[in-house]
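Top to bottom, those sequences are chains A and B.
1 is the number of the first residue of the first sequence in my numbering; add one for each residue after it.
282 is the number of the first residue of the second sequence in my numbering; add one for each residue after it.
Hints were generated in silico from the structure; no laboratory data involved.
Note that this is a predicted model, so its numbers are computed, not measured.
Please note that a few of the clues may not be correct.
To be verified - Subject to a maximum C-alpha distance of 27 Å in a straight line, what follows is the list of computed DSSO-like cross-link-like pairs (lysine-lysine): (1) A:Lys13 to B:Lys447; (2) A:Lys268 to B:Lys349; (3) A:Lys7 to B:Lys455; (4) A:Lys7 to B:Lys349; (5) B:Lys538 to A:Lys272; (6) B:Lys455 to A:Lys13; (7) B:Lys538 to B:Lys447.
Claimed, not checked - One-sided and incomplete, this derived list gives chain A residues near chain B with beta-carbon spacing under 8 Å: (8) Pro31; (9) Tyr215; (10) Leu234.
No residue lacks a Cβ here, since even glycine has one placed at the ideal position from N, Cα and C.
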Amino acid sequence: MRINPYKVADFTKSTFIHIFLMSVTLTCLFPLFWMVRSAFMSQETIFTDKALIPAHLYFNNFAIAWTKGNFGVYFFNSVFYTFCVVAGIVLVASLAAYAFSRLDFPGKNVIFYFFVAAMMIPLPGSFVPLFVLMNKLGLINTRFGYILCMINVGLSMSILLLKTFFDKMPHDLEDAARIDGCSKLGIWWYVALPLARPAIAVIVIFNSLNVWNEYILATLLLGDTRLMPLQRGLMVFQGANSVDYPVLMAGLTMAAVPIIMVYLAMQKHIVKGLSSGAVVG
Amino acid sequence: MFNLSLHEWKGIGPKHFVGLANFQELMHDNVWWDSMGHAGYITLIALTLQNALAFALALACDREIRMKRFYRVIFFIPPVLSEVVVGILWNWILDAGMQNGVHIGLLNHLLYTSGLPQLVHNWLGDPKTALTCIAIVHSWKGFGWGFIMLLAGLQTIDRQLYEAAKVDGAGTWKTFTNVTIPMMLPVILVVVILTILGSMQVFVLILSMVSKGLVFHTEVPVTRILSSMSGTNQFGYACAQAVIFGIILVCVSFAVKKLSDKAKQA
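Build out the structure end to end from the sequences listed, making use of the hints.
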C-alpha cells in the first residue's frame with residue numbers, strides 16, 4: 001500500500017488541532033471537576049488526600065451546606081429573584097418595545113435613545129446614585145428593591161432586542177386582529193407576544209444567567225443574610241474565619257450546577273443569540 | 282451624579298458645595314492611579330492572551346472537524362459561571378497555605394510532587410504574581426465569549442474568497458493576513474471593545490479571589506469607588522471617581538473605534 005503524502009499531512013494537521021483543542025477543553029473542565037471532587041471530602045482528608053478520586057466519599061457536605069451553611073435559604077432566594085426579575089423584564093420590555101415599535105407618541109425617539117444610552121453607562125458608575133435613591137425610597141434591604149434594580153439592569157438590552165424584532169414583524173396580522181375588534185393591548189397579548197417567542201427566549205435565558213450570577217447589587221442593597229442570593233451567600237461563607245472547604249465547595253457546586261444545566265439545555269439559543277449579536281454589532 | 286461629585290457629602294446630613302475639589306484630590310490620589318494601572322494591566326493581558334487564544338481556537342474550529350459542537354459547548358462553560366464561583370474556585374486551587382506538611386492549593390501541590398519545589402509560591406499573596414494570576418483567571422473565564430463571537434464571524438466569510446486566494450497562489454499565512462483579517466475586522470473590533478470594557482470593570486473576581494482583606498496591589502478603580510463609598514462614606518468623592526472612570530472608559534472605546542476606522546481605510 002502506498003502512503004498518500006497529502007493524507008498524512010492532513011492527518012497530522014488535524015491531530016495537532018485536536019490536541020490543542022483537547023488541552024483547552026481540559027483546562028476548562030478540570031477546575032470544575034476539582035470543585036465537585038472536593039465537595040465529596042471531609043474536612044480531615046481534603047488537605048491530605050490529593051488523589052483524583054478520593055478514597056472515601058462523604059455525601060453529607062451538601063446537607064451541611066443546605067442547613068448549617070444557610071445555602072438552602074440562599075438557593076431559594078436566588079430562584080425567587082431570578083423568576084421575579086425575568087418575569088418583570090419580559091412584561092415591561094415587551095410592552096415598551098411594542099409601544100416603541102408600533103405606537104406614535106411625542107418624544108418617542110428621545111425616550112428610546114435614553115434607554116439605549118442607559119445601556120452604555122457601566123454599572124459601577126451608577127453605584128452611588130442608585131444607593132442614595134434606594135435609601136431615600138426605603139428600599140434598602142428589601143426583596144422588592146433588589147428585584148426592581150435588577151429589572152432595571154436588564155431592561156434596556158431587552159427592549160432594544162424586542163424592538164428590532166417587532167420592527168421586522170409584518171403588520172398584516174395585527175391589522176387582521178384590529179379588524180376583528182382587538183384592542184391594542186389585545187393585539188400585544190394575542191399576536192405580538194406569541195410571534196416574538198424566539199426573541200423572548202433569548203431574553204429569558206440571558207437575563208436568567210445574569211440574575212443568577214449577580215453579585216454587585218446584592219452586596220450593595222442586601223445586608224440581611226435571610227435575603228441574600230447564592231453568590232452573596234458564598235462570599236459570606238468564605239469570609240468566615242475558619243473556612244470549611246468541603247462545605248464551601250459543596251455550596252459552589254450548588255451555585256454552579258444549575259447554571260451549567262440550563263446552559264447545556266439552552267446552548268443552541270445562547271450561541272445563536274451571541275453570534276447574531278456579534279455579526280450585527 | 283456629576284452634581285453629587287461637586288459636593289462633600291457623608292451620605293446623610295447637608296451637602297457642602299466644594300466645586301472641583303473632589304476632582305483635584307483625585308488627581309493627586311496615587312492609590313487611585315495605581316488602581317487604574319492595575320486595571321490597565323489586567324486589560325492588556327486579557328486583550329493579548331485571552332483574545333489570541335480565542336482567535337486561535339476559533340480558527341481551529343472553523344473547518345470540517347470532528348466534535349466541533351462538543352468543543353463549542355465546552356468552551357462556553359467558564360463564561361456562564363459567576364465571577365464569585367470562579368474566584369473562590371481558583372482561590373482554592375492557588376491557595377498557598379500548608380496543612381500537616383501538605384500544600385492546600387492544588388497548583389503548589391502539583392509543583393511540589395512533580396519535582397519543582399522551587400516554583401512553589403504564594404501565588405495570590407505575593408504582590409508580584411497576584412495581579413497576573415487574577416488576569417489569567419479572568420482570561421480563563423472570558424475567552425469563551427471571544428471564541429463564540431469570532432467563530433460566528435469566521436463562518437460568515439464566503440468560502441469563495443479562500444478559493445480565490447488559493448487560485449492566486451496565496452499561502453496559508455498570506456490568506457490569513459489578506460483575507461481573514463480584513464473580513465473579520467468588524468467582529469474583532471466588537472470583541473476588543475467588549476474585552477476592554479469587561480476587563481476594566483473586573484472586581485468581583487478580585488474580591489472573591491483575594492478574600493482576606495483587600496490589599497493595595499490588587500485594587501482596581503471599581504473597588505476604590507466601593508471602598509470610598511461604604512468604607513469611609515465619602516459619597517461625593519466616590520462620585521468623582523465614578524465620573525472620571527466612566528469618561529476614561531468611553532474615551533478608550535472611541536479611540537479603539539477611531540483606530541479601526543483608520544485601519545479599514547488603509
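Distance restraint between Lys538 of chain B and Lys272 of chain A, which requires alpha-carbon spacing of 27 Å or less:
Given pair Lys538 of chain B, Lys272 of chain A holds - Cα atoms ~25 Å apart, limit 27 Å.
Answer holds if the nearest beta-carbon of chain B is closer than 8 Å to that of Pro31 of chain A; otherwise answer violated.
6 Å, holds
Mind checking the alpha carbons of Lys455 of chain B and Lys13 of chain A for me, to see if they're no more than 27 Å apart?
It holds: about 19 Å lies between the C-alpha atoms, which stays within 27 Å.
For the hint on Tyr215 of chain A, just tell me whether its beta-carbon gets within less than 8 Å of chain B.
Given a least distance of 5 Å, the restraint on Tyr215 of chain A holds.
Can the restraint linking Lys13 of chain A and Lys447 of chain B be considered satisfied, given a maximum Cα separation of 27 Å?
Holds, because 18 Å separates the two Cα atoms, which is no more than 27 Å.
Need the status of pair Lys7 of chain A, Lys455 of chain B: alpha-carbon distance at most 27 Å?
23 Å, holds
27 Å Cα cutoff - pair Lys7 of chain A, Lys349 of chain B
Satisfied, since the Cα-Cα distance of roughly 20 Å is no more than 27 Å.
Given the hint that Lys268 of chain A pairs with Lys349 of chain B, does the C-alpha gap stay at or below 27 Å?
Holds - the C-alpha atoms of Lys349 of chain B and Lys268 of chain A are around 13 Å apart, at most 27 Å.
Run the distance test for Lys538 of chain B versus Lys447 of chain B: straight-line Cα separation, threshold 27 Å.
Violated - the C-alpha atoms of Lys447 of chain B and Lys538 of chain B are around 32 Å apart, more than 27 Å.
Holds or violated: is the Cβ of Leu234 of chain A closer than 8 Å to a Cβ in chain B?
5 Å, holds
Checked against the numbered hints above, the structure violates only hint 7.
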